[in-house]
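We have chain V already, so just place chain X on it with the hints.
Note that the protein sequences, when read in sequence, are chains V and X.
When we follow my numbering, the leftmost residue of the first sequence carries the number 34, and every step to the right adds one.
When we follow my numbering, the leftmost residue of the second sequence carries the number 4, and every step to the right adds one.
Keep in mind the hints are simulated off the structure, nothing from the lab.
Each residue gets a CB set at the ideal place from its N, CA and C atoms; glycine is no exception.
Derived CB-CB ranges, DEER-like: (1) X/H7 <-> V/P56: 50 to 58 Å; (2) X/H7 <-> V/L313: 53 to 61 Å; (3) V/Q185 <-> X/R11: 54 to 62 Å.
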Amino acid sequence: MTLPLAGLSPNPVVDLEQMVEFPFMVNALWAGTIVAATAGAIGWFMVLRRQTFAGHTLSVIAFPGAAGATLAGLPLALGYFGACGLGALVLAAVSRPGGKPGGAGESAAIGTVQAFGLGLGYLFVVLYGGQLSSLEALLFGTFLGITTGQVQTLLWIALAVLLALAAIGRPLLFASVDGAVARAAGVPTRLLEFAFLLLLGLAVAATAEITGALLVFSLLVTPAASAQRLTARPGWGLALSVAIALLVTWVGLTIAFFSPYPVGFWVTSLSFGLYVLVRLGADTLGRATPRTALAAETT
Amino acid sequence: MFAHEFMRNAYLAGTFVALACGLVGYFVVLRGQVFAGDALSHVAFTGALAAAAAGVDIRLGLFVVTLGVAAGMGLLGRSARPDDVVIGSVFAWVLGLGALFLSIFTVSASGSNGTAAVRVLFGSILGLSPTDTRLAVALALLAAAGLLGLARPLLLSSLDPEVARGLGVPVRGLGIVFLVLLGLVAAEATQAVGALLLLGLLAAPGATARLLTDRPWRGLWLSAAVAVGSMWSGLALSYEVASLPASTAVVGVAACAFALAGAWDSVRGRRLRRSPSPAGPAPRPPLGSLGWPRP
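Chain X with its partners taken away, still in its complex shape:
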């Protein structure tokens, strides 16, 4: 399998993209921002198609638009956690814009009818060039490093914003930076699994980790491990089964991991964590486990 260069590229890029997705995804689930991640993934689609329609490099549109919207969402939303209905209204329109760019693009580039759209929507990890791969790895490492650098205050401000604010953590600023990182990862993962499926790599590993452990740090690494594992086994599966697209296989494995974790969780007779609703009170883990002094 590794004799093929495209498989080596796919594994290399996929590993790091999945690592970044798993790390960011854990926080996405923890902060109840899955819907925001969903919206950003659709924004990524529109950005890429806008670039395609304008005839510039797809990646340019992908990153500029996704990062811009992520920052905007953070700045507009109260305490950098935007409201569901606002997100919904905005991204319904963004999707409409996507449809517009798609039609402009298909009209202007008849012949390659719709293939670019399909690549953006469903990913093209098996078609990465060595340059794409290096770029993907570099960006994924950047996102992962940024996130790990912020992980400690971000964990605290996600789990207990009140206490974090009391300790002088800039909760709002962190929220905005987090959304920008999420945008970066979304744009990045769009290339690997596609705009429509990256939600699987974001939400499923994080949710799996949340079901399996209460400890934040262990959960963070577990989430990354589940994401990378799904990527590896998904790629291998799609190599073995010729008709199975890579992105479907990756997301399928991640969803299975989540389903198994859910089954194990209910066997153990525990409810899904007293999960914090976006506005509601968050559960308080022992502060010591986060490495913070008790206030």
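Chain V on its own, in the form it takes in the complex:
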């Protein structure tokens, strides 16, 4: 995406000032901030619980939701949230009690749900009759044309998700690290799993509006994976995950503003680059990776 006024001047401060003069860019930055904070926090739990595949499936299910809403003439947000909520219910239903997240049977079921959802999405797009550019926006996102109203909706949803996450955070952490012991201690792990999937669905739906269905995943998984490489402490890890997500979103949006290439590419590349650096750094330092310390208890 190229803008008429976009072009770098020798003074970066002037450039940034120029950037925030555009109302759509201010909205995009706000939306990006809200989305990154939510995705960073939820993603940390997702990576800890080894539910990356479920997270990815929920994020692509946003696509049929959006396509279906477009077809039915409903507001897009309704489609996103409806589909992701429904997807969370279906995923909770196919995951077996006592089964490990990521087990073979469960992942096959998740994969089937995902492919079916995408098939439906394609059907909706075909029924809608073309409009391929909007298909691209649904899948890969756009940061243009985010309205102030959308930012407000996002803010309320993000607050609700984060508050709910804070409320169930402690038992969820317990259940995620050691499900069997948590169950024995009377923690309702099944209920928690369901609640978590629902929160994940909500967060994904909020994120998908900005980054597109296919790229949500980069904000969910990569910052959290980097954070878990860096520290094993839950508090620090969560904060770090959110901080990395915020950083890559801000920098990604800024670069995308001045470059002809899509924002999704910049955000994913930045977060992946950071992840590679963290991994290389951790490996050269030869530290026992914190992730394995946590995983050792779960397996």
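Quick look at chain X alone, frame taken from chain V:
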């Protein structure tokens, strides 16, 4: 229906692609590598778009990139079963690259705006030329033959890597070869049902077979049969219902087969198999049923 040449081509290519998908898919489910299959399907998308952006034949990018990433995933992962989080991080980035190539491609080829991307994402089985069809059949046969040739040691090393290693089966090497075969099938099936939907042809038939039978060989053939059946009925459905795209119909039928198998399974009151988690212990089928001597 068979009076149309495109339908004959679709059935011919579809049958063999589905056969390969069903065979490979059974092992994908058995080995708990559905997520890897998912990642490879997205890699296929990026590869095809990279080729489109560079102006070369889409198939070239599709096969080179998918096979390369499959081999890389096998080589990097411990015991050739790469970690979920690693796969996730890598393919989130690969998708981002896909978005980049898409934007380069749409800018450079304005007019044909996005149709190539849609073909890659959602397949174009009804638009195959006779040459495409022959190529698809040949590659699918190659993949199926390779897989069947490896099936015996692969079954053993999927179900019980410890015992397989004890018997001198090269478990790690097999894992890498399997991922490369998976990459081949993924690239192949991308042409038929599209990068986003091929997961349905990989996971659903294999999972259906796993629900219906415990016996590995019977499961393998059942999975292939479910995949081919879904392809046939999906194609017929999309022919009858004009607005229904072929890939949606195929994946829809496969998902229904899985749902029915799941319902039948829970009616029988059995749990889904004590499924092996990627790291956990695998169930031990009687070794005799695999044709191996008891250690």
